[in-house]
Amino acid sequence: MAAQDRSKSAEVALPPIAALFLVVFDRKVGYTIAWKRAIPGLELDGVVEYKSLPSGLHNCDSDLVYFVHEQYAGISAFANRPAHESERNAHFAAVGLLVPLTYGRLGRSWLHAHHLARLVSNIVDNTDNTHTLEEYWDQNCLVHSDDPNLDHGEHSLRRKPRALSDAAGLHPTNPTLSRHHPAMSLVHDFDTFGPLIFPLQRAALLKKSILIMSSAPVHGACDLVYNLSVLSNIPPSAAEMAPKKDALYPLRPLFNVGIHDIDYLSQLATKSIPQNSWIACSTDDILGTKSKLYDVLVELPPHTSDTSAARRWPRIRTSTGQDIKATQRDLRRYYTLKRELTRVQYQSKTYSDEEVEHSVDENMSESAPLVSLRQDETNDSDQFIQLEGETKLVEPPSWASIAYTSFLWWASAGEKDALLNDEACQDARLIDDLPLPAPSKSSPGSGKRHSSAHDQAEESDLTSQSVAVILIAYAHRLTTLVMESLTEIVEAADAEAEHGNESTITIHSEDFRRMGLDEWSRSDAEFVKEMAALYYGREHVQTVGRTVDLCGIHVC
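Under this note's numbering, the first residue of the sequence shown is numbered 1, with each subsequent residue one higher.
Each hint should be verified, as a subset may be incorrect.
Straight-line C-alpha distance at most 25 Å; calculated SDA-like pairs for lysine to any residue [as the list claims (entries may be wrong)]:
1. Lys392 x Arg312
2. Lys529 x Arg332
3. Lys271 x Lys28
4. Lys28 x Ala216
5. Lys292 x Ser523
6. Lys392 x Trp313
7. Lys271 x His260
8. Lys36 x Ala13
9. Lys244 x Ile33
10. Lys36 x Gly56
11. Lys292 x Ile259
12. Lys290 x His303
13. Lys28 x Asn129
14. Lys392 x Glu526
15. Lys36 x Tyr50
16. Lys244 x Gln201
None of these hints come from the bench; they were simulated from the model.
Given only the sequences and the hints, what does the whole structure look like? Please build it.
Take a look at the structure:
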């Protein structure tokens, strides 16, 4: 009975749809809209069929695609079934819909995902049988008299302005995140990118236009677009520190784009302002060759089921072709966070949508209970396990850092240990108080040793949800750490200027450590300079690195 109640609750929570359509393949004209319903004034032809079916999708059995069309978020479910040779050996179709962008980045459209998958599965072999589509439209269509820019129904939300963070778009009637919520894939994204997730987040913080190239299926890439836009949010507590409020405009997630979007992306590129920055994914290789459209290109490794193949990592590079790698500090941070997340895999807890939304939108404030850090002794051999292909991911140690650490070993091992201990303490504070998952139903202490497949799937979802909460809170704390330090430096420089001294913004090696950045990395130095320019309007920033002096002689 309880399950039925939850099901009914989920049905009520479905966002009303502005359009519903069926896209099929016609041997003469290609992809075409075979059936559609839409509110008056909403044009679908020449748009949704291309956005719903990205290149290469015919090689997949199924997929889920997100996209944006005008003031609407789109979602389509694709299915591919074997057919006669005369029909190119396949039946494939996509059932999609549009919902108003009234809440979050996708208008909660993922709540329709399960239903769309069912609809397309039932109709792919007989696309003339559209009565189920008619029924779904009648049950969920947007009332024409309503304003599509407002929330609808008895569950309409009274929301504060969400210019700073419209992150999750979760609905309070759902006891947990929907299985199709994009944030559920954050654990996969973390494993896919490893330490590269940190420079990618920094690029998003700098409002770089980011294009993610992927092969079909594209569901994972669309989820990545959503998650990176969430991780790059400026928490409200940090946003109050930034004097340039236009820079706080959230990175725009466009989700799936293709060759038909080139003109639109070109228009966004003509004005280099934060409001025009975006993040999107595509399977059309031609977009990757048009470097004027984007600032950062992310190339995801191809999908493969060969577990014996060598690990392939994503490649991140600038529009000029320069590779973007993680710093040595990122690598050490990755190991610390990875150990914590490994521990979380054995525990799970149910978070309500309101709790998760609070973690995203309000940065899970410093006083909120967040996974308490286990005070185990750090194992050096565990800390520096070599990742497969690590040299392709991480910047090599600079000669200056090698010389300095070697000098500390020779002069004072205690000082070197103190620096590493300070870094470890900082990482501990970032992880400290993260939401501690409750024991799972099948854990030894729960009194239940065996669980059904349903219970195992549910526990897996809860684990993914816990990881999502942790990673979002962790990323926002990193952002806050950088902006708090920058604010102090800028205010100190302004105070000096009031006393007649030159107002120079100088970032020292100690400042980099306070920000959780790598004091030896040129890329982190450039990151801080760009942050100061973007959020504080300070174009002239100098960085002063650490030096090694031996008996009054400058060594490096």
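Status of the hints after comparison with the structure:
With a C-alpha separation of about 10 Å, the suggested pair lysine 392 and arginine 312 falls inside the 25 Å cut-off, and the hint holds. Straight-line distance between C-alpha atoms of lysine 529 and arginine 332 comes to about 23 Å, which keeps the hinted pair within the 25 Å bound. As the CA atoms of lysine 271 and lysine 28 are separated by approximately 40 Å, the hinted pair breaks the 25 Å bound. For the given pair, lysine 28 sits about 24 Å from alanine 216 by alpha-carbon distance, which is consistent with the 25 Å threshold.
Proximity of lysine 292 to serine 523 is assessed by CA-CA distance (about 22 Å); at most 25 Å being required, the pair is judged to hold. For the proposed pair lysine 392 and tryptophan 313, the alpha carbon gap of about 8 Å is at most 25 Å, so the pair holds. Distance hint between lysine 271 and histidine 260 is fulfilled; the C-alpha atoms sit about 20 Å from each other, no more than 25 Å. The straight-line distance between the Cα atoms of lysine 36 and alanine 13 is roughly 23 Å, inside the 25 Å bound, and the hint therefore holds.
Note on lysine 244 and isoleucine 33: the hinted pairing is violated, with a Cα-Cα distance of about 45 Å set against a maximum of 25 Å. Between lysine 36 and glycine 56 the alpha-carbon distance is near 24 Å, which keeps this suggested pair within the 25 Å criterion. Distance check on the hinted pair: lysine 292 and isoleucine 259 sit about 14 Å apart at the alpha-carbon level, within 25 Å; holds. Using a Cα cut-off of 25 Å, the hinted pair lysine 290 and histidine 303 holds, with the two alpha carbons roughly 24 Å apart.
A hinted pair counts as satisfied when its Cα atoms are at most 25 Å apart, and lysine 28 with asparagine 129 qualifies at roughly 21 Å. Annotation: proposed proximity of lysine 392 to glutamate 526 holds, straight-line Cα distance about 21 Å (limit 25 Å). Straight-line distance between C-alpha atoms of lysine 36 and tyrosine 50 comes to about 15 Å, which keeps the hinted pair within the 25 Å bound. The hinted pair formed by lysine 244 and glutamine 201 meets the criterion: a straight-line CA distance of about 20 Å does not exceed 25 Å.
Checked against the numbered hints given earlier, the structure breaks hints 3, 9 and satisfies all the rest.
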